[in-house]
Amino acid sequence: MFDLLKDFWLLFGRLFPFPTRPGLRKAGNPDRSSPVLVTCNFELTVRKVIQALERDHIDAWVLVAPTKGINVWCAAGGGHFTTDTVVSILKTSGIENLVDHRRIILPQLSAVGVNIWALKDRTGWTPHFGPVDINHLAAYLTGGEYRAERRHRRVEFPLKERFIMGTNLAFNSLVFLIVPFLVASIWVTGLWWKSIALLFLLGVLNSVLVLWLPGNPGVRKGFSLGLLASAVFVVMAQTAWTMEPAATLGWTGWIVLLSTYLGYDMPSWSPLWRADVKELVTGVKHTHVEVVPERCIGCGLCTIVCPASVFELNPEMKISRVVHLEACQACGACIENCPKEAIDNNFRAGVCSCPTCTVINSVKSHKRKDAERNGGETEPVAAAGCCESGDCESGEIECSQHQWIPDNVI
Amino acid sequence: MSTLVYMRMLEQTPTKYDRGMRILTFGCIDRIKREIASTWIEPGQDVLEIGCGTGSLAALMTRRGARVLGIDISENMLAAARSNAPDAEFIHMTATEINKLGEDRFDRIVATLSFSELSEDELDLVLRVSSVLLKRRGKLVVADEVPPSRWWRRVLARLVRWPLASLTFLLTQNTTRALKMYDIRVERAGFRIVHHKVHLLGTLALIVAENTNDS
Ligand code: SF4
Ligand code: SF4
Chain A
1078 MFDLLKDFWL LFGRLFPFPT RPGLRKAGNP DRSSPVLVTC NFELTVRKVI
1128 QALERDHIDA WVLVAPTKGI NVWCAAGGGH FTTDTVVSIL KTSGIENLVD
1178 HRRIILPQLS AVGVNIWALK DRTGWTPHFG PVDINHLAAY LTGGEYRAER
1228 RHRRVEFPLK ERFIMGTNLA FNSLVFLIVP FLVASIWVTG LWWKSIALLF
1278 LLGVLNSVLV LWLPGNPGVR KGFSLGLLAS AVFVVMAQTA WTMEPAATLG
1328 WTGWIVLLST YLGYDMPSWS PLWRADVKEL VTGVKHTHVE VVPERCIGCG
1378 LCTIVCPASV FELNPEMKIS RVVHLEACQA CGACIENCPK EAIDNNFRAG
1428 VCSCPTCTVI NSVKSHKRKD AERNGGETEP VAAAGCCESG DCESGEIECS
1478 QHQWIPDNVI
Chain B
138 MSTLVYMRML EQTPTKYDRG MRILTFGCID RIKREIASTW IEPGQDVLEI
188 GCGTGSLAAL MTRRGARVLG IDISENMLAA ARSNAPDAEF IHMTATEINK
238 LGEDRFDRIV ATLSFSELSE DELDLVLRVS SVLLKRRGKL VVADEVPPSR
288 WWRRVLARLV RWPLASLTFL LTQNTTRALK MYDIRVERAG FRIVHHKVHL
338 LGTLALIVAE NTNDS
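If you read the protein sequences in the order shown, they are chains A and B.
Numbered continuously in the numbering used here, the first sequence closes out at residue 1487.
Numbered continuously in the numbering used here, the second sequence closes out at residue 352.
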C-alpha cells in the first residue's frame, strides 16, 4: 500500500527530493572481488538500481551516497553529489575492508559534480564512469573492462519518460495556475476543472510529442501544439458538440495560451534541453564548447562524460574535438572533468536542464575543481593524465599515478 | 514559470544562509556563538571549526586570540569566511576527511549547526576521528538543533517550528534538521559531556564534551 502511494506520488512529484538512508547496500551476494557502485539516495533510483542488478544477476556493492534525496543528475548539478560526497561515502561505508580491489563505478551523470582526478587524489580509489542507464550495466561489466558503448553514454528521452515528465509538467504548472483558474471560474462556471483537465492533456501531449512538434523547443513547440490542438477542437466543437462560435473562439484561445505556457516550461522537464530563461522564450539555442588543441592530451574523458555525444576522439592524433555542438546541453561535465582545462566555453552562469538543481554549473565547478585539487594541505599534484602528455617523463611535473588512464576510451 | 521559481529557491548564497539561521533560531545562534568564543575558547588555543559557514564564529574566536582552522565544502561559504575572518585559515575539506589533519593537534573542535547536516554514519565517523584529533582533555563544542527531551515540548516545538521553518525556507531556502541521540553518540565516541545547555524550548543545544581517550 505504502509502495503504491509512493509510486503514485513519484508520477507527479519526481522533482521533489525523496531521501532514503545513505549507506552500504548489497545487490545479490557480493564478495571481495565484486564491483562497487555509487548512486544517489533518491529512493526511486536506489530501488531501480538494486532491482536492475538483481534482475541481471550482478552481485555488487552499492554505496548510497548522501545526496539530500535528490536524483543523480540534479544532485550533481546542484552541488549535492560532488567529489566530497563520494569521498564521504567511501569513508563511512567501510567498503575498503570488504573488497580487495580499489575501483569504483560512478553514474555517468554524476560527472557534472564529481571530478575523478580530484577523487583519485583524495581517496586512492580509481573511479570509472558507468553507463547513463543502470540497465546497461551488465554490458558495461562484461569482460571486466568497464567499457560502455557510445550509445549507452547518451541520455535519451524515451516515450515512457516523456509521459511521466508530461504529468509532472502539468502538475507543477497547476501549482501556479490553480488560483487564476479558480478566480476565472467566477465568470465562467466550471472553467477550473475543465482547465485542469486541459492542462494535463496538453502537458502530456507537449511532452510526448516534443520530439516531433515543429519549431524550437520552448514556446514555439508549445504554440505549434496549441494550434494543432485547437484545430482539432474547432472541428469537434462545430460538428460533434455544436458549440456556439463565441465559446469556441474563447476555448481556442485558451488552448493556445495554455499550450504555449506549457511549451515554455517543457525544456526544463526534458533531459535534452537546458532551461535558460531567456532561451526558453526565444527558443533554445546552444552554447559554445570547443577543444583547445594545444592543451588537449587526448585522454578521452570528455567523450565519456558527455551525455550528448558532443565530442569525438581521434586516437591517432591523441586529440578530441567537438562534432555535435548543437546537442550540447551545457551540463558542464566535460569542463568539470577535463584534466587540462582544454575545453573552452562560453557558459555564462548557466542553468542546467534540471529544475531542481539550478546550477551555476560550469563557472562554479571550475573554481571548485581548482580548490579541490589544492584541497587539504597538500601541494597541487599533477593530474594523472599527464602520462599521456609526456610531461612527467621530461621531469617537468611529478606524476603521482603513472599508470592510470581514466576510463576506457572508446 | 515553475522552473524559474524552483531555480531561484534552490540557489544558496552565504548571506541567505546566515539570515535563514538567524530567523530559525530567533537570533539565538548568534548569542551561542558569542558564548562559545568568550567562555569555551582561550587565547592561544588551536581550534578546528567543522563547517565554518560564513566565518562568523571563526572571526569571534580569532578576536579572542585563538588560532582557527575552518573547513567547509562550499566554496561560496569559504570565500565569505575568508573575508569575514581574515586571521583564520580556511580550507576546502569534508568533515569525514579530518583524519588527514593529524593527531593530538587541537585544543577545541567546534561545530555549529553543521553536524545536523551529516548523515548518521558520517556523524559517528567524525566524532570518532575528533577524539583522535583533539589533545588529551581537549574539548568538543557543538551547538545544534536537537529534539527536546520531554514529549510535550517536542509537540510544542513541532507546532512552533513548522510554520517558522516553512517561512524561513520560503524566505531563505535554508532549513535544519534535528540531531538525534547526540549525547549517546558523543559518549560512545569517547567523550564525557561536561556542559549541556538547551535554548528555545529545548530545541537548540550547546554541548561541550571532554576527550577522555589517551591517544
Ligand atoms: S578531457 Fe580534455 S584533455 Fe581529455 S580528451 Fe577531452 S579535451 Fe582533451
Ligand atoms: S559538451 Fe555540453 S553536454 Fe557534453 S559534457 Fe560538455 S557541457 Fe555537457
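Quick caveat, the hints were computed from the structure, so don't treat them as lab data.
Among the hints, erroneous ones may be present.
DSBU-like mimics (lysine-lysine), calculated; alpha carbons at most 35 Å apart, straight line [as the list claims (entries may be wrong)]: (1) B:Lys237 - A:Lys1145; (2) B:Lys272 - A:Lys1145; (3) B:Lys237 - B:Lys334; (4) A:Lys1145 - A:Lys1083; (5) A:Lys1145 - A:Lys1395; (6) A:Lys1125 - B:Lys317; (7) B:Lys272 - B:Lys237; (8) A:Lys1083 - A:Lys1271; (9) B:Lys334 - B:Lys317; (10) B:Lys237 - A:Lys1103; (11) B:Lys237 - A:Lys1417; (12) A:Lys1395 - B:Lys272; (13) A:Lys1083 - B:Lys272; (14) A:Lys1103 - B:Lys272; (15) B:Lys317 - A:Lys1103; (16) A:Lys1395 - A:Lys1417; (17) A:Lys1395 - A:Lys1271; (18) A:Lys1145 - A:Lys1103; (19) A:Lys1145 - A:Lys1125.
Bear in mind that the values here come from a model prediction, so they are computed numbers and not experimental data.
Evaluated hints:
no., hint, verdict
1, B:Lys237 - A:Lys1145, "25 Å, holds"
2, B:Lys272 - A:Lys1145, "33 Å, holds"
3, B:Lys237 - B:Lys334, "31 Å, holds"
4, A:Lys1145 - A:Lys1083, "18 Å, holds"
5, A:Lys1145 - A:Lys1395, "39 Å, violated"
6, A:Lys1125 - B:Lys317, "29 Å, holds"
7, B:Lys272 - B:Lys237, "15 Å, holds"
8, A:Lys1083 - A:Lys1271, "27 Å, holds"
9, B:Lys334 - B:Lys317, "16 Å, holds"
10, B:Lys237 - A:Lys1103, "29 Å, holds"
11, B:Lys237 - A:Lys1417, "27 Å, holds"
12, A:Lys1395 - B:Lys272, "52 Å, violated"
13, A:Lys1083 - B:Lys272, "49 Å, violated"
14, A:Lys1103 - B:Lys272, "38 Å, violated"
15, B:Lys317 - A:Lys1103, "26 Å, holds"
16, A:Lys1395 - A:Lys1417, "13 Å, holds"
17, A:Lys1395 - A:Lys1271, "60 Å, violated"
18, A:Lys1145 - A:Lys1103, "21 Å, holds"
19, A:Lys1145 - A:Lys1125, "18 Å, holds"
Against the hints set out earlier in the document, violations occur for numbers 5, 12, 13, 14, 17.
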